[in-house]
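Produce the entire structure from the sequences given, and follow the hints as far as they go.
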Amino acid sequence: MSSDVPDVRNALPDDVRALLRERIESYEELEALLALERLRGNGKTVDELGASVHVGAPLIERALRSLEARSLIECRASAAGDRARQPEPRYFYAPASPELDGAVQALAKAYAEQPIPIIKVMSENAIQRMRTGAARAFADAFILRKDKNDG
Amino acid sequence: MAEAVYALCGVTSILCAILLLRGWRETRARLLFWASLCFIGLALDNIIVFIDFVLTPASVDLFWYRTPVALAGMLVLVYGLIRETR
Amino acid sequence: MRTFLWGVLAMACVVVAIFFFHYWRVSRDRLFAYFTVAFAAMALDWLGHALVIAADPFRAEVYSVRLFAFVVILVAIIDKNHQSRRR
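Protein chains in written order, with numbering that gives the first Met the number 0: chain L, 0 to 150; chain Y, 0 to 85; chain Z, 0 to 86.
Honestly, the hints are just simulated from the structure, not real lab data.
Each statement offered as a hint is correct.
To list a few chain Z residues with every Cβ distance to chain Y over 10 Å, as calculated: (1) D28; (2) R29; (3) V36; (4) H81.
If you only want the chain Z side, here are some residues facing chain L, beta carbon under 10 Å, derived: (5) Y22; (6) V25; (7) S26; (8) L30; (9) F31; (10) F34; (11) I76; (12) K79; (13) N80; (14) S83.
Predicted model, so just to flag it, every value in this text is computed and none were measured.
Note that beta-carbon positions come from the ideal geometry of N, C-alpha and C, so glycine has one too.
In structure tokens form, the structure reads like this:
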């Protein structure tokens, strides 16, 4: 591939846009996801993640649960090992499909090069989500059995 | 056959109303409240037609009971949809 | 007077169908497409009341359209739940 100067303004690929629109709703979710993606295969606990992205534990925990519900990460209770007490659960990067993995990698690359367009898209999505809240509530009302993490 | 149709429509409307009321309780989104009122109105319309068919003699016409109810329900939903789209 | 009321009902259903159509365009959620069709059918149902002589609600021409409308709503609900389970 030739090394053009990336025109990120218009060039956010579709899979990244879809990822931002459908599976990432907040700054905490974005940072947590990218932190876990960098680690791949190594898990972090809630506290470790909170420390590395400088976000309080309750916010990070909510973000992690959302990401898990959207098939981007998974939670595993760590092997007992040295702790005599209950093993703390660790979160691992675990995209549901290779396409999703590709989208997250593209997002990580784009965010590292130029974070501002990503932030911009995220706030546009947030406004859009607010404006369509009633319609979404209407549609979601017809789901008969709801998990707590749904959508 | 006719009464089965109206019974089905009535039950479906009630189901929608219940789901929307539950959704309104969870999300507090006003639109769902208005929509559930609409489906309650539609349910009553269908139920009254059913009653008209099954219970009342041919000489009795319940039009003026069911139609205003259906109309009120529909107008409430129209109002709710317009209010929602600021 | 009855025809007028059925006309108002038909118009209300048309307006609701238009709103649902808009919601479908914006959200691309299939449920709204189904509801658009359902309320459009309900509008036709009220129109049918106005057109059919004596507007007997027990005539097949009159209630078959309404049956279609509510079956579409049931399909919408079933489809919605099938969708959300696949996620």
